[in-house]
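Work out the full structure, taking the sequences as your base and the hints as a guide.
Protein chains: 2
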Amino acid sequence: METCKTEVKGGKNLLTWLREKGHLLYSPCGGKGVCGKCRVRVLEGKKTLSEPYPNLRSITLDEWKAGWRLACKTMMDEELTIEVPDSWNTEANILTNGDYEVTLQPCIKKVFLKLPKPSIADQASDVDRLQKALGTLEILDLALVQSLSDILKDNEYKVTAVMQGNTLIGIEGGDTRDQLYGVAVDIGTTTIVGTLIDLNTGDEIGVYSTLNPQKAYGDDVISRISHTIEKEDGLQSLQHILLDGLNKMFAFFEEQYHISAGNIYHLNVAGNTVMIHIMAGLPVKNIALTPFNPVTTRLPDIRAKELALKIHPNAAITSLPMISGYIGSDTVGCILATDMLEEPGYSLLVDIGTNGEIVLGNKNGLLSCATAAGPALEGAHIQCGLGGIRGAINKIEISESGVSHTTIGDQPAIGICGSGIVDAVAQMLDRGLIDPYGRMLSHEQASENLPSSLASRVREYNGKPSLIITEEQEGAAKEIFITQKDIREIQLAKAAIAVGIQILMQEMQVEFKDIEKVYLAGGFGNYINHDHAMEIGLLPVECRGKVITIGNAALTGAKMAIKSAGFMEAAERIPSKTGYIELSTRVDFQDLFVDNMEFKSE
Amino acid sequence: METCKTEVKGGKNLLTWLREKGHLLYSPCGGKGVCGKCRVRVLEGKKTLSEPYPNLRSITLDEWKAGWRLACKTMMDEELTIEVPDSWNTEANILTNGDYEVTLQPCIKKVFLKLPKPSIADQASDVDRLQKALGTLEILDLALVQSLSDILKDNEYKVTAVMQGNTLIGIEGGDTRDQLYGVAVDIGTTTIVGTLIDLNTGDEIGVYSTLNPQKAYGDDVISRISHTIEKEDGLQSLQHILLDGLNKMFAFFEEQYHISAGNIYHLNVAGNTVMIHIMAGLPVKNIALTPFNPVTTRLPDIRAKELALKIHPNAAITSLPMISGYIGSDTVGCILATDMLEEPGYSLLVDIGTNGEIVLGNKNGLLSCATAAGPALEGAHIQCGLGGIRGAINKIEISESGVSHTTIGDQPAIGICGSGIVDAVAQMLDRGLIDPYGRMLSHEQASENLPSSLASRVREYNGKPSLIITEEQEGAAKEIFITQKDIREIQLAKAAIAVGIQILMQEMQVEFKDIEKVYLAGGFGNYINHDHAMEIGLLPVECRGKVITIGNAALTGAKMAIKSAGFMEAAERIPSKTGYIELSTRVDFQDLFVDNMEFKSE
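Each protein sequence line maps, in turn, to chains A and B. Residues 103 to 704 in my numbering are what the first sequence spells out, letter by letter. Residues 103 to 704 in my numbering are what the second sequence spells out, letter by letter.
Quick caveat, the hints were computed from the structure, so don't treat them as lab data. Hints may be right or wrong, so weigh each one.
The list cannot tell twin chains apart, which means a pair is met if one copy fits it or any two copies do.
[What the hints assert, rightly or not] Below, in silico cross-link-like pairs of lysine-lysine (DSSO-like), each with a Cα-Cα straight-line distance of 30 Å or less:
no., residue 1, residue 2
1, Lys387, Lys255
2, Lys497, Lys317
3, Lys407, Lys333
4, Lys407, Lys317
5, Lys219, Lys255
6, Lys580, Lys407
7, Lys407, Lys387
8, Lys260, Lys234
9, Lys387, Lys216
10, Lys211, Lys111
11, Lys387, Lys234
12, Lys679, Lys234
13, Lys619, Lys702
14, Lys465, Lys234
15, Lys679, Lys216
16, Lys407, Lys149
17, Lys566, Lys580
18, Lys255, Lys333
19, Lys148, Lys114
Values in this document were obtained by computation on a predicted structure and should not be read as measured data.
Following this line, the structure appears as structure tokens:
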């Protein structure tokens with residue numbers, strides 16, 4: 103826990119300020135005061151501490167009295183002393199490594215021009231007039247040339263040129279330089295998170311997050327791909343529903359931050375290869391079929407109007423490059439957000455989601471693979487599993503005296519999310535409730551070997567043992583338990599990740615002692631207990647002390663690239679430096695996979 | 103008159119062969135056997151000479167017996183000895199100067215590819231697969247990437263890439279290299295002439311000509327511009343009617359030459375600045391208003407689909423560059439088709455139409471101006487004036503014994519076209535029918551000074567003298583005469599041209615002795631009697647012996663550039679080497695203009 107003193111910035115909220123200072127906050131609700139993820143404790147701040155309790159779900163009355171507030175709803179009208187939670191510090195440490203320091207140099211620039219008016223002595227064409235003022239000039243398209251003369255004449259030849267490199271992409275009457283925005287977005291299979299950025303200052307003005315509306319067509323990429331194969335217009339309908347989702351984000355930014363979406367000139371996207379393909383209307387069917395090759399790993403030049411995105415019609419729509427059908431621009435974003443490709447020491451990057459993407463290497467090059475970790479760690483395929491939503495059990499402690507837990511938002515428990523499951527399995531192993539092969543003790547075996555506070559919680563479910571985490575009489579919304587089958591799901595997931603790591607190390611002839619940093623990306627990585635993850639073998643125990651959680655690093659990479667053409671270029675170089683191994687066809691994969699199913703003792 | 107022996111090329115017509123040999127034939131009807139412009143005399147050729155007379159309008163029975171044939175309808179099934187008319191020789195001489203020798207190097211190329219199929223060992227994306235085969239690669243647009251995978255898969259990765267430089271503009275299943283066409287077109291205010299070119303061989307497969315369908319909206323560019331100002335959708339309607347006209351040309355090529363218009367990948371256009379602007383949907387209103395500046399002198403990248411042109415959707419639509427609002431890409435085409443910019447000696451280029459464009463200079467640089475010659479030389483604003491159509495008097499001879507004439511197509515006379523007017527005025531001056539100030543003798547004055555064969559033809563029209571050229575009793579369709587007002591129109595036109603030439607010479611400090619070549623471009627230039635043009639002062643007498651008629655040199659330039667990227671680049675350099683003088687604002691213009699109204703004696 104670290105404390106910090108804030109500035110006074112009337113009308114500005116604390117969340118925005120903290121982000122600007124380099125704290126990589128996770129705010130899935132986009133600063134709406136709903137998700138409770140941006141809780142911060144105010145130690146000093148007369149006015150703030152005297153505010154009446156607004157009856158929040160994410161902060162109890164006692165917590166409120168103790169100074170807990172939502173950063174997104176706390177105004178900086180006075181100097182505050184606040185406690186920055188540890189999880190933020192980790193991220194903040196990474197940020198201050200220097201790699202995230204962005205020299206503002208966006209791909210899109212505005213130039214205000216006072217052009218000489220035409221005269222008999224100067225009959226140069228309107229285009230030549232611009233060219234003379236701007237130097238080498240390409241004009242994006244015919245429509246822009248068609249509109250040029252009227253805009254020049256109506257504004258007495260005082261205009262603002264919107265430039266992408268040497269290409270004119272817009273021309274606006276008068277001086278509009280102060281209105282220059284970009285949006286970086288991470289399009290996940292499950293969620294979409296976008297950040298509105300002022301390209302004049304680099305300020306991250308606001309964040310928006312929403313569920314990917316494609317979820318109606320299936321939870322994972324394979325079911326989305328299937329939809330495009332089975333329905334004639336399947337690809338188009340998935341594309342349109344996604345683009346609609348993005349348009350809702352722009353409308354939110356417009357309303358919330360009082361900007362015009364027409365002044366958003368760049369949308370830079372990170373996402374898995376399937377999401378990026380669908381966004382661009384590129385067929386994804388080959389990604390589901392061996393040999394899984396995508397249409398492209400780099401998007402061609404795309405303008406907002408081609409996708410009916412409601413921002414500036416000529417806004418550049420870019421994606422960080424992709425590496426393969428299963429290593430997308432989200433992973434490239436993560437690589438960009440770390441210093442993996444700059445340091446001589448080896449780093450390991452693990453991004454755990456439905457698929458686990460794993461990257462290993464140093465400045466000489468990287469190697470990547472994707473493993474079908476399955477959705478267990480996101481709470482799916484788990485009897486009482488849930489995503490990281492309110493009421494989900496996110497922490498579990500199993501001691502001699504019984505089982506305790508916390509839930510997201512301190513709500514009555516309605517299920518368990520990934521971090522809770524990892525806690526449970528690690529401690530069940532520790533307490534002897536499961537053996538190294540993943541077999542749970544029966545109630546009888548538990549009664550013989552364990553205190554009754556635990557043994558009493560081992561009950562039978564579908565003929566197999568299960569462990570009650572909590573039940574109605576303990577205040578839960580319903581009985582929540584972990585089954586033998588759940589343990590098996592976790593074993594499959596952790597084995598997949600572990601094998602991925604092993605094969606990369608083997609291919610690169612790298613040993614654990616060579617690995618200096620382990621980057622854990624993604625929402626899940628942010629919330630799991632690292633020790634517990636190591637105890638169950640999801641992360642190698644040899645990584646202890648080296649783990650750095652980097653949150654939504656895909657989005658961080660997308661933001662870096664939108665703020666700096668230099669980072670955009672650096673991202674372009676990543677695929678050629680990053681090899682890819684197809685695990686599914688390796689002869690050693692099955693053997694290693696079975697080996698890693700076991701829970702190893704340290 | 104020169105004779106030449108042909109090859110035997112069964113099924114090929116003589117017109118095409120002569121063009122290939124460098125004879126710049128004018129065939130306004132596009133080889134349909136209608137216009138009679140491609141008449142040629144066959145001296146030897148058994149089969150051809152024994153063909154029965156097909157009752158042609160453009161060749162009489164006697165001429166047929168004497169061996170006259172239409173080159174466009176004469177098949178090369180045997181060796182022929184033919185007489186090439188003098189007017190062709192002039193052009194042929196230019197052609198063999200070497201400057202028109204085109205090394206075939208079109209902007210559009212096709213590459214046949216047998217790509218390796220994807221496999222687990224080679225999961226490269228489809229785009230990367232192409233990239234590896236083709237080297238540095240840009241893909242034109244998203245639509246092309248969207249269609250890529252299916253085309254590759256459906257054709258077992260054997261495809262033909264259509265390339266424009268490093269940009270992929272099309273991908274076609276199988277080997278389609280033999281189907282690669284371009285069209286060069288001259289869009290005149292009055293006529294459109296296009297040539298279909300096989301980009302694999304450079305062969306000019308066919309020619310099409312038609313009236314510019316915009317004529318319904320006025321004869322000159324100013325009335326077209328007015329239409330775009332007065333009507334809200336005026337620009338769009340003029341654009342669409344022109345594009346429809348181009349689509350009719352493509353349909354003609356498809357039907358006539360058994361090609362698919364989808365295999366036309368390049369349309370290169372020459373035209374005046376207003377026509378090029380309207381084709382691209384660019385506003386033209388500023389060109390009509392001082393200071394007359396156009397939107398642009400270079401078109402941006404335009405694809406056929408953007409203009410709904412029915413050729414390959416990604417076909418490149420290019421224009422040779424323009425110089426100013428009144429010096430268009432037609433003039434640039436003429437410059438390209440001559441060696442004006444290569445030779446140390448000075449050349450003068452005169453392209454006479456509604457406007458006269460004049461260019462003077464040498465390899466160190468050119469200077470250009472446009473004069474409002476008015477449409478008199480095209481037969482408009484002349485009492486009995488006509489364009490160069492069938493029945494128009496194209497040659498007039500005035501002798502002691504009277505007035506004789508020929509008409510186009512040997513039809514009964516229905517009017518006089520430009521070359522006839524020039525003949526008439528020159529000889530009226532010579533015979534003393536008009537004085538050096540352009541005043542016609544009255545009937546009385548004529549009776550006193552001239553033989554009655556001429557004096558009897560001088561009659562009164564609207565209170566002023568007029569000269570009867572022919573009348574019904576001489577076989578004409580109606581009475582055809584030249585009025586005092588007609589003489590005044592010609593004086594205005596010739597003065598405008600003459601002043602333009604003088605001012606350019608003055609600005610460049612060039613004297614007539616320095617001018618080595620005088621290029622006369624355009625249909626009118628092709629048909630006038632040069633001596634007569636000099637006698638009336640339309641061309642300076644000092645140019646005698648230096649005049650080279652170059653026909654539709656704008657189209658020649660457009661064809662050269664479509665066949666050779668080198669010529670396209672040479673054309674791009676022309677505007678920066680060509681200055682422009684606005685005559686209308688020069689203080690010396692009015693004085694010089696009045697001076698030049700007189701007919702000077704040599």
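Results of checking the hints against the structure:
For a Cα distance limit of 30 Å, the shortest separation of lysine 387 from lysine 255 across copies, 12 Å, qualifies, whereas the shortest one inside one copy, 50 Å, does not. Taking CA atoms no more than 30 Å apart as the test, lysine 497 paired with lysine 317 passes inside one copy only; the shortest distance there is 27 Å, against 81 Å between copies. In this homomeric assembly, lysine 407 and lysine 333 come within 30 Å of each other (Cα to Cα) both inside a single copy, at 26 Å, and across copies, at 28 Å. Taking the shortest alpha-carbon separations for lysine 407 and lysine 317, only the intra-copy value of 25 Å comes in at or below 30 Å, while the best inter-copy value is 36 Å.
Taking the shortest Cα distances, lysine 219 and lysine 255 sit within 30 Å of each other inside one copy (9 Å), while across copies they are farther apart (55 Å). Proximity of lysine 580 and lysine 407 under a CA criterion of 30 Å is satisfied in neither setting, with 49 Å inside one chain copy and 61 Å between copies. Within a single copy, lysine 407 and lysine 387 get their C-alpha atoms as close as 25 Å, and across copies as close as 28 Å, so both meet the 30 Å cut-off. When the C-alpha separation of lysine 260 and lysine 234 is checked against a cutoff of 30 Å, the pair qualifies only within one copy, where the shortest distance is 14 Å, while the shortest distance between copies is 46 Å.
With identical chains, the CA atoms of lysine 387 and lysine 216 are at most 30 Å apart between copies only, with a shortest distance of 22 Å across copies and 52 Å within one. Proximity of lysine 211 to lysine 111 under the C-alpha cut-off of 30 Å is restricted to the intra-copy arrangement: shortest distance 28 Å within a copy versus 61 Å between copies. Taking the shortest alpha-carbon separations for lysine 387 and lysine 234, only the inter-copy value of 23 Å comes in at or below 30 Å, while the best intra-copy value is 48 Å. For the identical chains of this complex, lysine 679 and lysine 234 are inter-copy neighbours only, at 17 Å across copies versus 40 Å inside a copy, given an alpha-carbon limit of 30 Å.
For the identical chains of this complex, lysine 619 and lysine 702 are intra-copy neighbours only, at 22 Å inside a copy versus 95 Å across copies, given an alpha-carbon limit of 30 Å. Proximity of lysine 465 to lysine 234 under the C-alpha cut-off of 30 Å is restricted to the inter-copy arrangement: shortest distance 25 Å between copies versus 43 Å within a copy. Taking the shortest Cα distances, lysine 679 and lysine 216 sit within 30 Å of each other only across copies (27 Å), while inside one copy they are farther apart (45 Å). Proximity of lysine 407 to lysine 149 under the C-alpha cut-off of 30 Å is found in neither arrangement, the shortest distances being 48 Å within a copy and 63 Å between copies.
Taking identical chains as interchangeable, the C-alpha atoms of lysine 566 and lysine 580 lie at most 30 Å apart only when both belong to the same chain, with a minimum of 20 Å there against 113 Å between chains. With identical chains, the CA atoms of lysine 255 and lysine 333 are at most 30 Å apart between copies only, with a shortest distance of 20 Å across copies and 50 Å within one. Taking identical chains as interchangeable, the C-alpha atoms of lysine 148 and lysine 114 lie at most 30 Å apart only when both belong to the same chain, with a minimum of 17 Å there against 98 Å between chains.
Going down the numbered hints, you'll see the structure goes against 6, 16, while the others check out.
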